[in-house]
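Participant: For the sequence shown, my numbering gives the first residue as 47, with consecutive numbering after it.
I should point out that these hints are in silico values taken from the structure, not numbers from a laboratory. Each residue gets a CB set at the ideal place from its N, CA and C atoms; glycine is no exception. Watch out, some of these pointers could steer you wrong.
With beta-carbon atoms standing in for the labels, derived distance ranges [to be verified]: (1) Ala572 with Arg666: 17 to 27 Å; (2) Gln352 with Val253: 48 to 58 Å; (3) Ser334 with Lys529: 53 to 63 Å; (4) Pro77 with Ala49: 35 to 45 Å; (5) Glu410 with Thr385: 12 to 22 Å; (6) Leu396 with Gly259: 56 to 66 Å; (7) Ala256 with Gly603: 12 to 22 Å; (8) Glu619 with Gln595: 22 to 32 Å; (9) Leu108 with Asn277: 20 to 30 Å; (10) Glu586 with Val135: 46 to 56 Å; (11) Ala480 with Leu396: 46 to 56 Å; (12) Asp628 with Ile435: 52 to 62 Å; (13) Leu61 with Leu222: 29 to 39 Å; (14) Asp632 with Gln668: 14 to 24 Å.
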Amino acid sequence: MRALLRKELGYLAPLGAVLLFCFVADVLYMPAIGPLDEIAWIDIQEEILPGKAEGSGLFLFLIGLTLAYGLLPREHEERTIEFLYSLPVSRFGVYSAKFMAAWLILIGCLVMEQVGYWLLQAANANSLTGHQFSLATALKVMLLKGAVATSGLALGMALSFARHYGLLICAGAAFLIWRGGEAFPPLARVSPLRLASMEYQGRTLVVPWADLGLQAFFAALFFALGYWLWNRSGEHLTAVYMCWTERPLGKAGLGCATVCLIVAGFTALDVHMGEEEEDVRFTTFQNSRLKTGHYDFTYSTEMRSQVLELASAADGVYLALDPWLEAAAERPPIVVDLTSSKENLHGIALREKIVLDLAGIGTEEEARSVLCHETSHVLAGRIGGERLIEYSQQTGLLNEGLAQYLAFERTPVPNHRRDSRRLAVAAWSRHDLAFEDACDYGWLEAEMDTTLEYALGELWVAALVECYGQEAPARLLRAIGRKDGPSDLELMAFWQDSMQAAGFNLERVLLCWERNLAELEGQEQAFLERLPRIAGGLLEDEHGDVVLQARPDRPLGDATCVARFRPYPDAPESMYEVLYADLEEDGSCRFYVPEDLTGDTLEFQLGIEFSLATYPWFERWQPATLP
Numbered sequence: 047m048r049a050l051l052r053k054e055l056g057y058l059a060p061l062g063a064v065l066l067f068c069f070v071a072d073v074l075y076m077p078a079i080g081p082l083d084e085i086a087w088i089d090i091q092e093e094i095l096p097g098k099a100e101g102s103g104l105f106l107f108l109i110g111l112t113l114a115y116g117l118l119p120r121e122h123e124e125r126t127i128e129f130l131y132s133l134p135v136s137r138f139g140v141y142s143a144k145f146m147a148a149w150l151i152l153i154g155c156l157v158m159e160q161v162g163y164w165l166l167q168a169a170n171a172n173s174l175t176g177h178q179f180s181l182a183t184a185l186k187v188m189l190l191k192g193a194v195a196t197s198g199l200a201l202g203m204a205l206s207f208a209r210h211y212g213l214l215i216c217a218g219a220a221f222l223i224w225r226g227g228e229a230f231p232p233l234a235r236v237s238p239l240r241l242a243s244m245e246y247q248g249r250t251l252v253v254p255w256a257d258l259g260l261q262a263f264f265a266a267l268f269f270a271l272g273y274w275l276w277n278r279s280g281e282h283l284t285a286v287y288m289c290w291t292e293r294p295l296g297k298a299g300l301g302c303a304t305v306c307l308i309v310a311g312f313t314a315l316d317v318h319m320g321e322e323e324e325d326v327r328f329t330t331f332q333n334s335r336l337k338t339g340h341y342d343f344t345y346s347t348e349m350r351s352q353v354l355e356l357a358s359a360a361d362g363v364y365l366a367l368d369p370w371l372e373a374a375a376e377r378p379p380i381v382v383d384l385t386s387s388k389e390n391l392h393g394i395a396l397r398e399k400i401v402l403d404l405a406g407i408g409t410e411e412e413a414r415s416v417l418c419h420e421t422s423h424v425l426a427g428r429i430g431g432e433r434l435i436e437y438s439q440q441t442g443l444l445n446e447g448l449a450q451y452l453a454f455e456r457t458p459v460p461n462h463r464r465d466s467r468r469l470a471v472a473a474w475s476r477h478d479l480a481f482e483d484a485c486d487y488g489w490l491e492a493e494m495d496t497t498l499e500y501a502l503g504e505l506w507v508a509a510l511v512e513c514y515g516q517e518a519p520a521r522l523l524r525a526i527g528r529k530d531g532p533s534d535l536e537l538m539a540f541w542q543d544s545m546q547a548a549g550f551n552l553e554r555v556l557l558c559w560e561r562n563l564a565e566l567e568g569q570e571q572a573f574l575e576r577l578p579r580i581a582g583g584l585l586e587d588e589h590g591d592v593v594l595q596a597r598p599d600r601p602l603g604d605a606t607c608v609a610r611f612r613p614y615p616d617a618p619e620s621m622y623e624v625l626y627a628d629l630e631e632d633g634s635c636r637f638y639v640p641e642d643l644t645g646d647t648l649e650f651q652l653g654i655e656f657s658l659a660t661y662p663w664f665e666r667w668q669p670a671t672l673p
């Protein structure tokens, strides 16, 4: 038996070498196209992601089918099967040895594939993208992919008895399962390709044991059926088949079978591609332009009615800013792009251009408010010039606060100012924030939340206007933007210099700001008593997933728990992961740590979303070690 197994492995070795090359080709070419210390396991083994391995599953199934067709048919057609049956090995032993040799080659290729992936990512020591390899996940991937390949091999052992017509039977059965599964979904479970779907519960790859058991049953059934067919009449059918294929009618039959297979393959491919095209087909619209006295709108034609409503009020919004930002001065129209959008933003100002996501803004009055906010940025940039940009890390409190203040003053939306100021007083009172903290973007990003520039800044600008009048913002911006202003100033030195150049007293404005915050704290005492504090920590649940379990110290009411994750303290906000959760029965809320945060450590921040009219209120960032 061992000698026979070695003989079969030797015969299949060339094909095994080709398959091995296909499976480990990444190891050969990846080092040539990029540095090894930047390769992440999740990038080179995308098949572990949900839905990504279905193409690989079909490939493995066909490989198993192909290997089966190269075993017993060849031996019978070359009449070497008689020699094998003369050996002191049972016919079942011969049959099993052939199956086992092909199966070992398939499993060996899958093992070497995972070894190759491990070698490629081993040099990556980055805390975010390195050390992602999971032996448990790799073993599960090999199990599922191996099961698909084994199904193809076992089916091929039975179908190869009918030679080319067996492939026609396979194609017909696949079509019936495919179309029948649409009308009767449980029928889809018959397909072994389901095992390649890679479904997860949290961060854990789930092994569908029921489906795996079903496919094991089918594989055993086809294995036994193949043995029964080949052992019963393999020699006789081979003689008939060889004689049949030499006749014109037999050749015509083979040709028809081949054509049917090709047509079936292209039909399935065409239908599949048609479904994919339907999924990604979008209706496109022509872009149009609309000019007003102070704006130049670009928009898609299907949004014409919404744009006309906004444009009819746009010049009024612009001129309403004149007392604060000298809007009446002759300047080119502001370009407003309504065809683009920025992720998670209703609008953004880019020097002399505004990008608005009009489709994502709720009401007409909110659209006017966002336009007012972004227009304030453009007008402030015209006055402050390059120096305002140079000190952008120190002037966010003024820049965002001014835009927020003017939007609330000139285009008010119900509850927006109230909820923004509630956020400001909650952060100020609970975190004991000083002016130096609120106007330091780097500190807010590292410790708190940069969106506090909006809420705290709006109150600071209100204090500035209260102390020095409506012209104060423009005077301060002009002082900041003066060309002879000193460079490389520290935070407080910059503010002292700018306020003095504008003729203002910084201490007077700060006293007014803090007094207003203290008064607001008294007015919103009931709200502050309702707003929960929230704390939590990382743990590993019963499924082995890492979760952040948090618990608010009082009832949530209509509020929602929110958590943010980042891989390291100075990670850009584009790398943040934001999750929301409701309370569970035990009064806690659970957040599954995102899969791409696989380093040894991370940072998380817990908060409460108490209103959709403003940003969530957050606790401080906390470092954590993954369990």
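Participant: Can the suggested window of 52 to 62 Å be confirmed for the beta-carbon pair Asp628 and Ile435?
Facilitator: violated, 42 Å
Participant: Given a hint of 35 to 45 Å, does the C-beta separation of Pro77 and Ala49 actually sit inside it?
Facilitator: holds, 40 Å
Participant: Taking the beta carbons of Glu586 and Val135, is their distance inside 46 to 56 Å?
Facilitator: holds, 51 Å
Participant: Has the hinted range 56 to 66 Å been met by the Cβ atoms of Leu396 and Gly259?
Facilitator: 58 Å Cβ-Cβ, so the 56 to 66 Å window holds.
Participant: Does the Cβ-Cβ separation between Leu108 and Asn277 fall within 20 to 30 Å?
Facilitator: The hinted range 20 to 30 Å holds for Leu108 and Asn277, with Cβ atoms some 26 Å apart.
Participant: Could you say whether the range 12 to 22 Å given as a hint is met by the Cβ separation of Glu410 and Thr385?
Facilitator: holds, 19 Å
Participant: Take a look at whether the Cβ-Cβ distance between Ser334 and Lys529 falls inside 53 to 63 Å.
Facilitator: violated, 40 Å
Participant: For the range 48 to 58 Å, tell me whether the beta carbons of Gln352 and Val253 fit it or not.
Facilitator: holds, 50 Å
Participant: In this structure, is the beta-carbon distance linking Asp632 and Gln668 contained in 14 to 24 Å?
Facilitator: Hint holds: Cβ distance 22 Å, inside 14 to 24 Å.
Participant: Note whether the CB distance of Leu61 and Leu222 lies within 29 to 39 Å or breaks it.
Facilitator: holds, 30 Å
Participant: Verify the CB-CB distance for Glu619 and Gln595 against the hinted window 22 to 32 Å.
Facilitator: Since Glu619 and Gln595 have Cβ atoms about 25 Å apart, the given range 22 to 32 Å holds.
Participant: So does Ala480 sit 46 to 56 Å from Leu396, Cβ to Cβ?
Facilitator: violated, 32 Å
Consistency with the previously given hints fails for numbers 3, 7, 11 and 12, ordered from lowest to highest.
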